[in-house]
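Participant: Given the sequences, and given the hints that come with them, work out the whole structure.
Chains A and B supply the protein sequences, listed in that same order.
Here the first sequence is numbered in the numbering used here, starting from 1 and rising by one per residue.
Here the second sequence is numbered in the numbering used here, starting from 1001 and rising by one per residue.
Honestly, the hints are just simulated from the structure, not real lab data.
For clarity, every value in this text was computed on a predicted model and none was experimentally measured.
From the three backbone atoms N, C-alpha and C, an ideal C-beta is built for every residue, glycine too.
Among the clues, some could well be false.
As the list claims (entries may be wrong) - Below, computed lysine-lysine pairings styled on DSS-like, alpha-carbon distance capped at 30 Å:
hint, chain 1, residue 1, chain 2, residue 2
1, A, K57, A, K71
2, B, K1049, B, K1101
3, B, K1058, A, K11
4, B, K1058, B, K1068
5, B, K1058, B, K1101
6, B, K1109, B, K1049
7, A, K57, A, K14
8, A, K57, B, K1101
9, B, K1042, A, K11
10, A, K11, A, K57
11, A, K71, B, K1042
12, B, K1049, A, K57
13, B, K1058, B, K1069
14, B, K1069, B, K1101
15, B, K1042, B, K1058
16, A, K71, B, K1058
17, B, K1049, B, K1068
18, B, K1042, B, K1101
19, B, K1058, B, K1109
20, B, K1042, B, K1109
21, A, K57, B, K1042
22, B, K1109, B, K1068
23, B, K1101, A, K11
24, B, K1049, A, K14
25, B, K1068, B, K1101
26, B, K1049, B, K1069
27, A, K11, A, K71
Claimed, not checked - So the derived label-pair ranges between C-beta atoms look like this:
hint, chain 1, residue 1, chain 2, residue 2, range
28, A, T97, B, H1082, 32 to 38 Å
29, B, K1069, A, T76, 28 to 34 Å
30, B, S1070, A, E52, 40 to 46 Å
31, A, R64, B, A1054, 44 to 50 Å
32, A, S58, B, K1069, 27 to 33 Å
33, A, H10, B, L1046, 20 to 26 Å
34, A, T114, B, D1008, 25 to 31 Å
35, B, L1056, A, T97, 44 to 50 Å
36, A, T20, B, L1046, 26 to 32 Å
37, B, I1106, A, G85, 41 to 47 Å
38, A, L39, B, E1064, 28 to 34 Å
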Amino acid sequence: DTGVSQNPRHKITKRGQNVTFRCDPISEHNRLYWYRQTLGQGPEFLTYFQNEAQLEKSRLLSDRFSAERPKGSFSTLEIQRTEQGDSAMYLCASRPTGTSLGHEQFFGPGTRLTVL
Amino acid sequence: AQSVTQLDSHVSVSEGTPVLLRCNYSSSYSPSLFWYVQHPNKGLQLLLKYTSAATLVKGINGFEAEFKKSETSFHLTKPSAHMSDAAEYFCVVSDSGGYQKVTFGIGTKLQVIP
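Facilitator: Right, dumping it as C-alpha cells:
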C-alpha cells in the first residue's frame, strides 16, 4: 500500500502522560500536514512541513505539542502532559511537490487519542 | 482569510433519490475547492476538486459539483443515492498562498434510508 500511513491507529493514555504519533507520507511527497479532528467538527490545521522544515504552526498547537520531520520523510507529533481536551483524531496528510492548485492532500487513516 | 460553511449538518435521503449537500465558501484568493468523504473508521477520500478549469466538476461514485462564483457556492450533488454513500462529507477550500492552507467545513452527515 503506497498511501499515507499512521501509527498507532488508537492510543489510550492517562492524563499527564506523553504520547507520540508517527506519520509516513507517500514517498515522493515533500509536503506534510498535521490536523486535529474532534467529534462533530471538520479537521483543523495544526502544522505544515516542507521537507524537514516546519513552515507553519497553528495557534492550536500549544507549547505541549511538538512536531518533527527530521529527514524530510516520516513525521512525529508529540503531546506532552496530555489533557482530556487533547482527545481527538489526529490526521496526517501529504501532497506532491509543486505549487499547482490541482494538488489535493492525501490523508492517512488517523490516530484516535483518548485521554482518561 | 478563508472559510467554508456547510449549510446542513445532517441530510437524510431515501435510496435512489437525489443528493444535495450545500457548501458556501469565502476566500481572498482564487480558491481551489474540494469535497472529501469520510466513512466510519476510514481516512478522508477525495471525491472531486475544482481548480479554475470547468465549473462543473465530476468526481468518483457519480458525484458532481458546480462552482458558482457569483453565489460563492460549491454544492455537491448525485442523481441517485446508494446505501454505500452514507458517510460524512467535507467541503474544503484551499488558497493560492505559499503552502496552500486548507480549511475544512464542519461536515455534513449523509444518511441513506433503504
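Participant: Does each hint fit the structure? Answer for all of them.
Facilitator: We went through each hint and held it up to the structure:
Pair hint A/K57 plus A/K71 holds up; C-alpha atoms about 19 Å apart against a cutoff of 30 Å. With a C-alpha separation of about 15 Å, the suggested pair B/K1049 and B/K1101 falls inside the 30 Å cut-off, and the hint holds. Restraint check for B/K1058 and A/K11: the C-alpha separation of about 38 Å exceeds 30 Å, so the hint is violated. For a cut-off of 30 Å, the pair hint linking B/K1058 to B/K1068 stands: about 15 Å separates their Cα positions.
In summary, the hint linking B/K1058 to B/K1101 is supported, as the alpha carbons are separated by about 24 Å, within the 30 Å threshold. A C-alpha spacing of about 20 Å is found between B/K1109 and B/K1049, which places the hinted pair at or below 30 Å, so the restraint holds. With a C-alpha separation of about 26 Å, the suggested pairing of A/K57 with A/K14 holds against the 30 Å cut-off. Between A/K57 and B/K1101 the alpha-carbon distance is near 11 Å, which keeps this suggested pair within the 30 Å criterion.
Pair hint B/K1042 plus A/K11 holds up; C-alpha atoms about 16 Å apart against a cutoff of 30 Å. At most 30 Å may separate the alpha-carbon atoms for a hinted pair to count; A/K11 and A/K57 meet this at roughly 23 Å. Annotation: proposed proximity of A/K71 to B/K1042 holds, straight-line Cα distance about 28 Å (limit 30 Å). A threshold of 30 Å between alpha carbons decides the hint, and for B/K1049 with A/K57 the separation of about 25 Å falls inside it, so the pair holds.
This hinted pair checks out: B/K1058 and B/K1069 have alpha carbons roughly 17 Å apart, not beyond 30 Å. The suggested pairing of B/K1069 with B/K1101 holds, with an alpha-carbon distance near 20 Å, which does not exceed 30 Å. Annotation: proposed proximity of B/K1042 to B/K1058 holds, straight-line Cα distance about 23 Å (limit 30 Å). For a cut-off of 30 Å, the pair hint linking A/K71 to B/K1058 is broken: about 38 Å separates their Cα positions.
Between the alpha carbons of B/K1049 and B/K1068 the distance comes to roughly 14 Å, so the proposed pair stays at or under 30 Å and holds. Taking the CA atoms of B/K1042 and B/K1101, the gap is near 23 Å; set against the 30 Å cutoff, the hint holds. Only pairs whose Cα atoms come within 30 Å are accepted, and B/K1058 paired with B/K1109 is accepted, the gap being roughly 21 Å. Taking the CA atoms of B/K1042 and B/K1109, the gap is near 14 Å; set against the 30 Å cutoff, the hint holds.
Between the alpha carbons of A/K57 and B/K1042 the distance comes to roughly 26 Å, so the proposed pair stays at or under 30 Å and holds. Only pairs whose Cα atoms come within 30 Å are accepted, and B/K1109 paired with B/K1068 is accepted, the gap being roughly 23 Å. For the given pair, B/K1101 sits about 28 Å from A/K11 by alpha-carbon distance, which is consistent with the 30 Å threshold. Taken as a hint, the B/K1049 and A/K14 pair is broken in the structure, with Cα atoms around 40 Å apart against an allowance of 30 Å.
A C-alpha spacing of about 21 Å is found between B/K1068 and B/K1101, which places the hinted pair at or below 30 Å, so the restraint holds. A hinted pair counts as satisfied when its Cα atoms are at most 30 Å apart, and B/K1049 with B/K1069 qualifies at roughly 15 Å. Between A/K11 and A/K71 the CA atoms are separated by roughly 25 Å; this keeps the pair inside 30 Å, and the hint holds. The hint said 32 to 38 Å for the Cβ distance between A/T97 and B/H1082, and at roughly 36 Å that hint holds.
A C-beta distance of roughly 41 Å is found between B/K1069 and A/T76, which places it outside the suggested range of 28 to 34 Å. At about 43 Å, the beta-carbon gap between B/S1070 and A/E52 stays in the expected band of 40 to 46 Å. For the pair A/R64 and B/A1054, the supplied restraint of 44 to 50 Å holds, since their beta-carbon distance comes to about 45 Å. With their beta carbons about 28 Å apart, A/S58 and B/K1069 fall inside the hinted range of 27 to 33 Å.
Take A/H10 and B/L1046: their Cβ atoms lie about 24 Å apart, and the range 20 to 26 Å holds. At about 29 Å, the beta-carbon gap between A/T114 and B/D1008 stays in the expected band of 25 to 31 Å. Judged by the Cβ atoms, the range 44 to 50 Å given for B/L1056 and A/T97 is violated: they are separated by roughly 29 Å. For the pair A/T20 and B/L1046, the beta carbons lie near 28 Å from each other, so the given range of 26 to 32 Å is met.
The hinted window of 41 to 47 Å between B/I1106 and A/G85 is violated, with their beta carbons roughly 18 Å apart. A hinted range of 28 to 34 Å holds for the C-beta pair A/L39 and B/E1064, which are about 29 Å apart.
Checked against the numbered hints given earlier, the structure breaks hints 3, 16, 24, 29, 35 and 37 and satisfies all the rest.
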